[in-house]
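Peer 1: One-letter residues, chain by chain:
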Amino acid sequence: MLSEGKVRIAFYWMASCGGCEEAQVDAVSDEPSLINILDIVFWPVAVDFKKEDVEKLPDKSVDVALINGGVRLSEHIEMAKLLRRKSKIVIAYGACSSWGGIPGLANLYSREEVLSRIYSEVPTVYEKDKKPTVKYITEEGIELELPEVLPILLPLNAVIEVDYYIPGCPPTPETTLNALKILLSGKLPPKGSVLGASQRALCDECPLNVTKPEKILIKNLSRIYNTRVDPGKCLLIQGIPCLGPSTRGGCTALCPRVAMPCIGCYGPLETHTDYGGKVISFLASIIDSKDEREIARIIEEGVPDPAGLAYKFTLPASRLRLNLMKWGGRGA
Amino acid sequence: MSEKFEPKILMFACNWCAYAAADLAGTSRMKYPPNLRIIRVMCSGRVDPQLVLEAFAKGADGVIIAGCRPGDCHYIEGNYKALRRAILLRKLLEQLGVESERFRLEWIAASDAKKLVEVTHDMVEKIRKLGPIRVVGEVGSVE
Amino acid sequence: MPDEPRIGVYVCHCGTNIAGLIDVKEVVRYASTLPNVVIAREYIFMCSEPGQELIVNDIKEYNLNRVVVAACSPSLHEVTFRNAVMRGGLNPYLFEMVNIREHSSWVHIDRREATEKAKDLIRMAVAKAALLEPLEEARVSVAKNALVIGGGAAGIRSALDLARAGFNVYLVERKPTLGGHTARIPLIRYLGIRGDELVKSAINELVKIPNIKAYVNSEIDSVEGSAGNFKVKIRIKPRLVNSKCTLCGECVKVCPIEVPNEYEYGIVKRKAIYIPFEGAYPPIYAIDLEACTKCGECVKVCPVGAIDLSEQERIEEVEVGAIILATGYDPYDPEKGELGYGLSNKVITLFQLHRLLDERGVTKGRLVVNGSVPRRIAFISCIGSLRTTPRSYKFCSRMCCSAMLSAAIKILEQIPDASIYVLHKDIRTYGYDEDIYWAALEKGVRFVRYKETPEVEVQGEDIRVYVRDITINEYLEIPSDLVVLVVGMAPGKYMRQILDVIKVSCGEEGFVNEAHLKLRPVEAPSRGIFLAGAVTGPKSVIESIIHGSAAASRALSIISKDLITGEAQIATVNEDLCSGCRICIGMCPYNAISLKQVNGRTIASVNPLLCAACGTCAAACPSGAMQQRGFKDVQLIAQVRAFRG
Amino acid sequence: MPSLRMRKIVVDPITRLEGHGRIVAILDERGDCIRAYLQVPELRGFEKFLEGRPAEDAAVITPRICGVCPTAHHMASTKALDDLFHVDPPIAAKKIRELAYNIFMLEDHALHFYVLAGPDFIVGPEAPREERNIIGVLKKVGALGYKIISIRRKLRKLNEKIMGRTIHPPFGRPGGISKPLEPEVIKELRDSVNEAIELATTTHKVFKSIVLGDPSIYKLIASDAYRHETYYMGLVDDKNRLNFYDGKLRIVDPRGREYAKFDVHEYLNYVAEHIEPWTYIKFPYLKTVGWKGFIDGPDSGILCVAPLARLNVSDSMATPMAQQAFEEMYETLGEKPVHYTLATHWARVIEIIYAAERIKELAEDPDIESREVLNIPTKTPGPTGIGVVEAPRGVLIHHYESDERGILRKANLLVATQWNAARINMSIDKAARALIRGGEVREGLLNMIEMAFRAYDPCHACGTHALPGELKIIVELYNEKGELLEKKYLRD
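Protein chains in written order, with this note's numbering: chain A, 1 to 332; chain P, 1001 to 1143; chain U, 2001 to 2645; chain F, 3001 to 3492.
Hints listed in this document are in silico derivations from the structure and should not be mistaken for laboratory results.
Beta carbons: idealized from backbone N, C-alpha and C, even for Gly.
Incorrect hints may appear among the rest.
[Said to hold, decoys possible] Derived DEER-like restraints, expressed as beta-carbon distance ranges:
no. : chain 1 : residue 1 : chain 2 : residue 2 : range
1   : U       : 2451      : P       : 1031      : 52 to 60 Å
2   : F       : 3146      : A       : 134       : 46 to 54 Å
3   : A       : 193       : U       : 2079      : 36 to 44 Å
4   : U       : 2451      : A       : 123       : 53 to 61 Å
5   : P       : 1114      : U       : 2391      : 42 to 50 Å
6   : U       : 2004      : A       : 270       : 19 to 27 Å
[Unchecked claim] Below, in silico cross-link-like pairs of lysine-lysine (DSSO-like), each with a Cα-Cα straight-line distance of 27 Å or less:
no. : chain 1 : residue 1 : chain 2 : residue 2
7   : U       : 2503      : U       : 2237
8   : A       : 326       : P       : 1058
9   : U       : 2394      : A       : 215
10  : A       : 290       : U       : 2394
11  : A       : 290       : P       : 1114
Isolated chain A (complex conformation):
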């Protein structure tokens, strides 16, 4: 499909930070020849386009759309649907689009709690009754509209069908280039696959993996802030909850290389049904104690915030949390 002529490619961003674009720019600067193969239909960071421009395109006329950012605003849903209609292949690019990313942590709170914190609780706000509104009539009598903030941040696949995923926060240039090469080769893996990253967990490529003993049993889990880490040793065996064992590889273990734990930005592996569940499973499993109180202490000290640790990038992909919020359950 993609082997003939240039590939018509589109980039789009939703609730994102721009880091994915930076990564794409880095990728292209590492391999400038790509520009000759890619026909960039739109790329908001570099090329201007409007929704109307996209609407005018024939359906399925875009070969590949790379969408980053989570679905946070009402208009993201429209745009996602539009791009789906116009594109043969839609790829969730980056952690936010794939599973919600860090902004997805907002799903631990309701939209109202979030708005209230920003517009009235912070210490720099004194006008406690003011708040942005979706429809506002100006003093001139004109209505100004703001897009609605959705009650939940959603990953892209919650609103449209996603064909492939390129993981990472952001995906490294290598991951991005690997993925593009697969797309350009025309040899496409099954739908739903992850492109450009490893099929295995990060430990496989982490230089510190060899420093592990055969059995990993930990007497204490520790937070990084009060732990002196030996940079030459696996963080997990030093008691730091490093998510390398359960996180997809592909970044070459950038964080462990500077003695910081993997925080899971490459997300789940194919076998996971709930990434966070798997994280807490392996972490709890290696605690070397049979005493309930001691276990609780070890967990309290090392993992005071299991949700923030295990779902730092994937909370909106937790079907449980999503369902609870949709059902209006506690905390929603």
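Given chain A, work out where chains P, U and F should sit, using these hints.
Peer 2: Same frame as chain A, but now just chains P, U and F:
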């Protein structure tokens, strides 16, 4: 909801203890509420928190992992692994908005059919008070 | 799965046991609507011949490839139906059983509710069944030999029992002689004989049996394989003296090297060429490789040319079906300064005292210290045990009280006016040894109970023991001519080393934990490895011998078979997915998981014979590469997802 | 075409699509613009979901506010964590942090100068649109441009070695950094400093010859079109010299007199945020002066930050070449503070020089070779930790509150782009009023808006970069009922 709420409770039962205790409850013709569904595993240590999260996501009102009493594990110490995971899982569930009463780890010996019956009764009662995990409420305009 | 699932569901009435409450017709109707279900039937007794035939025939007629039976507990009839499925031509593990009798009809009263529950359970089972895969048990042919590691009382007993049962036994002892600590006990009270005599009689028995091969001065270099088929490398260190030796003793006279005699617990010295004790087996001299300078003096004087200083270390490889670990203990070794130990030769351990009291020992049984007979003797018990000192273990060694009081009585027999204090935390002369306690009391031994660890002050020849007697709550100052530290048993010094080789882990206190005290009391967690004697914790000689026999009989359960099979529903590694993170390895109490190299990657590998099929590693596996067959993630998730219709 | 009923014009000039910034102009009956609004519909809620997280996680969570300036958030956060955990990093850690930070500032500023704003000046505001992009820049400056691009990429890769990653770096920890610098990294750094200096001096030369050499561009910069006489705020060292990484906040009034100088811990005494119902962005202002609406002058609390503001609050520069350039700018423009918004570009070039010189100083400092780069906190954490840095786009404050376990309870973030939001609105309003007359949208409007935007380099996801040369503009004409009357593309 005029009809009385009947919680649906899922139990992951160790083949050697809790599952056998449920068998014993049957052969002893004990009676307990019909809200429990048992999934048999060989050891409570097999229960991956992913399974529990999936059960709640699917709408289980309560989930029980039932294993051998400490020191009695058929596989030496699988139940301790279940214990470690349960402690962390309970913390996680609370953050996700699942009340701690909805998730339990119970030690139920093969001979302790009585405990299985009591646990079921107690769980059903507590969750009935709590209400269904799906509170019918405002659904955000996300779909 | 290449084949589209075609599932047959069979609902049993169990007479009225199920059908009396559950609406079986409704359940069958419902089951037939479930995805992948090709046929759903009911029958009055599924476990009966005709019931089973129904399954066998349907498999053929409807080309079924999965079977679900909803009936009673799998503990009753899982095997029955697996066999039926097999007769139908399917792998027996393409079968899932639903318990609607014990778990539904017998425990509920409402027909509708029980019926709904049965439907739910069947729906869940069908969802799982669709994803079942054929399974096979691993099999291995058994090497009909056994390895016994440790040549003390327990190990010798195990070796004898196994050999008598007709199997080849390799008995490996690290020291140059068999007998262990037992050989140094002056008197085994229960038997009324000396320890070395006990050892000698066992050895007399041993040498007559051709199928025991004893290796002294030897260590286990490596162990590979698993139950039924271990490949063991034995490292035989050079003894430098061969069997031509006649024990004439000329060599000892000329040997210039002197080192502490460990047989006498260091109270005297020996030469670098030595025989550990009179009557030791094998009855030839040995050369202490660490001490010997290879000066060659002994070679010159040996009349029979039995000494060859150029002898090299050898490795011998054997195959065994079972391993018995009988490496025993070591006495707790106090640090220099710990309660005055090492500061004066008037502070000794109970083990040393025993050697002094042995009539065949260096003093011919006369208690003489520094050339004089001690009159004021203080025993301090529980050293190395009960957390008495910072380095002490927390267990009670339980042998020491009896041994201490026996020694005290013996002292009073030769020094009737001796003043003996016993400072103790508790006195545990358990079982028949209670007699010794009363005898000691009657003979005037004074007992002082302490809580805070006593202090021993050594000032030249003057030794004082300070202790708070908690019975009278008074501080006592006890000037002593001899202080005996009653040390307990500690895990063997070389335990860690051997455990690493055979891949068995030790418990918190350093001894090996039994797999299950009730179900597998003399087995290590890893299949095929058995435990004998003090390797699992403090034991008396007699207890160790009993333990040795027990371990031998359990080992026979493996080596008496031609084939042993593993479990079917074991853990397996998806080698493509495994990242080599090692989390699973620490999960397995059976040491069934190890690392292997595949295409330059290090990944986990499961020994199918060691795996006991608990699935704990699969639950912990962070990448999902480890899966328990028959309880795979996808299978269980499917079952969970079917939980609410 | 002009209709008396036409009341509203929606302009979407911001490349980052609908949702990230749109301008609505309100017209009176004559069709003259009476007010223009810049709406920023962007909200993710970091202040809320930091709550409940272990404080140290803030250093990896907050960079995700902005993938363009993640290092700024990471540093502000790490400094707030030093404060929260009551730990002072070893000198080596401070220097390595500042070193990495200056590398980041240098490459970010270079990106802005060459790729974003450069085309206007280097290629020229009157050049055909299709040439007004980075390709045009490369044509104009030749091989030099490619060299600069390669130096920038090299610096980014170097920073990856220091910080672990360039985008969303992980290396900052309360009390220091996670790992000392390896000797080969230090060597590479020292080998690269001259290239950094070269990048800076070349850029300065390019700016002076191509930009200042063109009288029309100079005129544009010094025109009144974007002149707003506001307060300025920036970080200065103990000698009132610019520092990106540390120091005190100094505010000067529109006449250039020191209005305040304070430690960031006192920021609540000086800063408040104003909320407008028509945009999600909040407008920080000088609390002691008060919010008086979108107006300038000494009575309005509107504060300006970013390169120009930083120079306006500094008495001098800490490095020699930058000092020379600094003096030259104020001499040329003839005022201090400089109120011409477009002079921000000039200020940015001066900062590039400063960053390069500072990189050289720090890279050659033997302290960075130390293995002692971390002090472990020992005191009970909390309750407050506040950190500040100068992000490329201005003052960035992270303020955390935690419990005694160091679990965050509250967070307040004052992000660089926010400070300038009020002033950007003023610039746009000024442009719209000047150029929308009689219901006609004049061609010049677009240029005006673009140029205003680019000077501030606003960052609305904290990542909004408006790119020149490619902008289309849609003008939607609504009647008073809000019905769309007409829609036209100004640049199709």
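Peer 1: Evaluate each hint against the coordinates.
Peer 2: Quick rundown of the hints versus the structure:
Here the CB-CB span from residue 2451 (chain U) to residue 1031 (chain P) is close to 54 Å, well matched to the stated 52 to 60 Å. Roughly 48 Å separates the CB atoms of residue 3146 (chain F) and residue 134 (chain A), a value that falls within the hinted 46 to 54 Å. Between residue 193 (chain A) and residue 2079 (chain U) the beta carbons are some 41 Å apart, a value that agrees with the proposed interval 36 to 44 Å. Hint check: residue 2451 (chain U) to residue 123 (chain A), Cβ distance near 58 Å, so the stated range 53 to 61 Å holds.
In this structure the hint that residue 1114 (chain P) and residue 2391 (chain U) lie 42 to 50 Å apart at CB holds, the actual value being about 46 Å. The hinted range of 19 to 27 Å is satisfied by residue 2004 (chain U) and residue 270 (chain A), whose Cβ atoms lie roughly 23 Å apart. Taking the CA atoms of residue 2503 (chain U) and residue 2237 (chain U), the gap is about 22 Å. The hint holds against a cut of 27 Å. Distance restraint check for residue 326 (chain A) and residue 1058 (chain P): the Cα-Cα separation of roughly 13 Å lies within the 27 Å cut-off, and the hinted pair is therefore satisfied.
For the hint pairing residue 2394 (chain U) with residue 215 (chain A), the CA-to-CA distance comes to about 25 Å; that is within 27 Å, so the pair holds. Restraint check for residue 290 (chain A) and residue 2394 (chain U): the C-alpha separation of about 17 Å stays at or below 27 Å, so the hint holds. For the hint linking residue 290 (chain A) to residue 1114 (chain P), the alpha-carbon distance of about 26 Å falls within 27 Å, and the restraint holds.
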